[in-house]
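Below are the chains, spelled out letter by letter.
There are 2 protein chains.
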Amino acid sequence: MVNKNYIIRLSNYRHALNRFKTLGFIKVFSDNLADATGVTSSQVRKDFSIFGISGNKKGGYQVELLLERLNDILGKDRLQRVIIVGAGKIGKALINYKGFEKDGIKVVAAFDVNTADRVPVEIDVPVYPLEKLKNYVKKNNIEIGVIAVPDNAAQGVMDLLVESGIKGVLNFAPIRLRSDTDTIINNVDLRSELENLVYFVNATGKSKARNNDKGKKNREEQ
Amino acid sequence: MVNKNYIIRLSNYRHALNRFKTLGFIKVFSDNLADATGVTSSQVRKDFSIFGISGNKKGGYQVELLLERLNDILGKDRLQRVIIVGAGKIGKALINYKGFEKDGIKVVAAFDVNTADRVPVEIDVPVYPLEKLKNYVKKNNIEIGVIAVPDNAAQGVMDLLVESGIKGVLNFAPIRLRSDTDTIINNVDLRSELENLVYFVNATGKSKARNNDKGKKNREEQ
DNA sequence: AACATTTTGTGAATTTTATCACAAAATATT
DNA sequence: AATATTTTGTGATAAAATTCACAAAATGTT
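Chains as they are written, first to last, in the working numbering: chain A, 1 to 222; chain B, 1001 to 1222.
Quick caveat, the hints were computed from the structure, so don't treat them as lab data.
Incorrect hints may have been included.
[Claimed, not checked] A few chain B positions that, by computed beta-carbon distances, are all more than 12 Å from chain A: (1) Asp-1031; (2) Leu-1074; (3) Gln-1080; (4) Asn-1114; (5) Leu-1130; (6) Ile-1144; (7) Asp-1151.
[To be verified] Each computed DSSO-like pair below joins lysine-lysine, with the alpha-carbon atoms no more than 30 Å apart: (8) A:Lys-98 <-> B:Lys-1106; (9) A:Lys-106 <-> B:Lys-1132; (10) B:Lys-1098 <-> A:Lys-98; (11) A:Lys-98 <-> B:Lys-1132; (12) B:Lys-1046 <-> A:Lys-132.
[Stated by the list, open to error] DEER-style ranges, computed between Cβ atoms: (13) B:Glu-1131 <-> A:Arg-19: 25 to 31 Å; (14) B:Glu-1101 <-> A:Gln-62: 47 to 53 Å; (15) B:Glu-1131 <-> A:Lys-139: 35 to 41 Å; (16) A:Asp-180 <-> B:Ser-1041: 48 to 54 Å; (17) A:Val-108 <-> B:Ile-1026: 47 to 53 Å.
Note that the coordinates shown come from a computational prediction; the quantities given were computed from them, not determined experimentally.
Ideal placement from N, C-alpha and C gives every residue a C-beta, glycine not left out.
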């Protein structure tokens, strides 16, 4: 069963590959990708096996071909348009972040209850009042929305997004959103990440090690 | 072996408990916490069992006592001071975010190569030039740092933080940081989160379900 | 062209994580 | 005070994820 962890790893392989490509690599081996992403080489091969990706025995994988295959799996063939709800601190940071574009993700609009004093200055992403969200999403066939509003507004926004027909939500509010549809919810909980660090920092030296895929020191995560 | 996932769940239980407390609850049952955090009740009990937390058969758990216990485990007894490196978009958002304080996390300073045009306006967190970081960390015994600089600067900042004696790092740069010390690194990779959504949104209806702890729709995560 | 070396691909084994299921305890009910 | 009900706590079990390990294939070497 393919789940989030597989996709995160594929995404990591893809990014490592892009770097290898920049460096002029023509082929890579599973242990190059393993080193670059912090997993074992058998993990890399197993993942590829699951997605039907194959290389050459002794010859490794052709960078170009492998990238194509990963791009295909990850839906990188077309630009993914995303909207952001909440043009506060986090919303603004996301709106102005240019790094997504090279990964095929484009913030096309933002929505906020208070558009007046929240217009981001640097980039030409329009900020609309919340009332226009539903219409915009339907008209433009937006599939992914980011929730960057305060806790107490988050569920309301979630309901609005679901009602508008959105398919996936990235939630920055530190609460558990509910939806009875099959809308996909990913959470980014910075508070939790920091609390986590606090715990392990305090535990350092008390031999409370941590070593699963997410916890292992020096391992990727996302 | 206690790892990140345990701590994330404990952190979630703690937050649910705080809400229950606000609502006037005196006691809770494992399935209240399960509902609130999106896990099973046996998971809640198993987690508690691992941390030696016990309740009363039939009586559930005393909210107040349980909170104390969780606060203790999660190191919530004292304020955790954190520094932020990089006063760009994300750095600024974190600096100005007030939500952490109620969870005992305080941003005490920020550092940036370019302090001039990057001073955050709203809150009185000082922004120092990068050269002052090492000294500041040592002098103030800072344990946790947040990396919010561009990719290409991230490893350099990481090295600097490690050299300064920092114990835990929350990394927003979408690369795998390396350190030969046992500094703990947690990554927040928004690009990866969005790519993940793209995959599952595209897969919707193609019966590519996802159902592990992180992937299950409507489940908490971080 | 034979032999050595490297690397994939994948079943099997192992480890980790989560769920089940039920005895024991606490509370409620009659 | 006896009986019924509820909920914990945890071994046993199941499921999931990862690693192992090795045959097979591709490439390199003598």
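> Under the criterion that the straight-line Cα-Cα distance not exceed 30 Å, is the pair B:Lys-1098, A:Lys-98 satisfied?
Replying inline: Holds, because 25 Å separates the two Cα atoms, which is no more than 30 Å.
>> Given the hint of 48 to 54 Å, is the C-beta distance from A:Asp-180 to B:Ser-1041 inside that range or not?
In response: violated (21 Å)
>> For the hint 47 to 53 Å, verify it against the beta carbon of B:Glu-1101 and that of A:Gln-62.
In response: holds (51 Å)
> Just checking, B:Asn-1114 versus chain A, shortest CB gap more than 12 Å?
Replying inline: For B:Asn-1114, whose nearest Cβ neighbour in chain A is about 16 Å away, the distance exceeds 12 Å, so it holds.
> Is the hinted range of 47 to 53 Å satisfied by the C-beta distance from A:Val-108 to B:Ile-1026?
Replying inline: Check passed, 48 Å falls within 47 to 53 Å.
> B:Ile-1144 clear of chain A by more than 12 Å, beta carbon to beta carbon?
Replying inline: Answer for B:Ile-1144: violated, closest chain A Cβ roughly 5 Å.
> Going by Cβ atoms, does B:Gln-1080 stay more than 12 Å from chain A at every point?
Replying inline: violated (5 Å)
>> Just want to verify: B:Asp-1031 was marked as not at the interface with chain A; is every Cβ pair farther apart than 12 Å?
In response: Given a closest Cβ separation of 15 Å, the condition holds.
> Does the no-contact call for B:Asp-1151 survive, Cβ to all of chain A over 12 Å?
Replying inline: Violated, because the least Cβ-Cβ distance between B:Asp-1151 and chain A comes to about 8 Å, which does not exceed 12 Å.
>> The output says B:Leu-1130 does not contact chain A. Does that hold with a beta carbon cutoff of 12 Å?
In response: With a cut-off of 12 Å, B:Leu-1130 remains clear of chain A, as the shortest Cβ separation is near 20 Å.
>> At 12 Å, judged by beta carbons, does B:Leu-1074 keep clear of chain A as stated?
In response: Answer for B:Leu-1074: violated, closest chain A Cβ roughly 6 Å.
> Taking the CB of B:Glu-1131 and the CB of A:Arg-19, does the distance hold inside 25 to 31 Å?
Replying inline: Holds - the Cβ-Cβ distance for B:Glu-1131 and A:Arg-19, about 29 Å, lies within 25 to 31 Å.
In the structure shown, a violation is registered for the earlier hints numbered 2, 3, 6, 7, 9, 12, 15 and 16, in ascending order.
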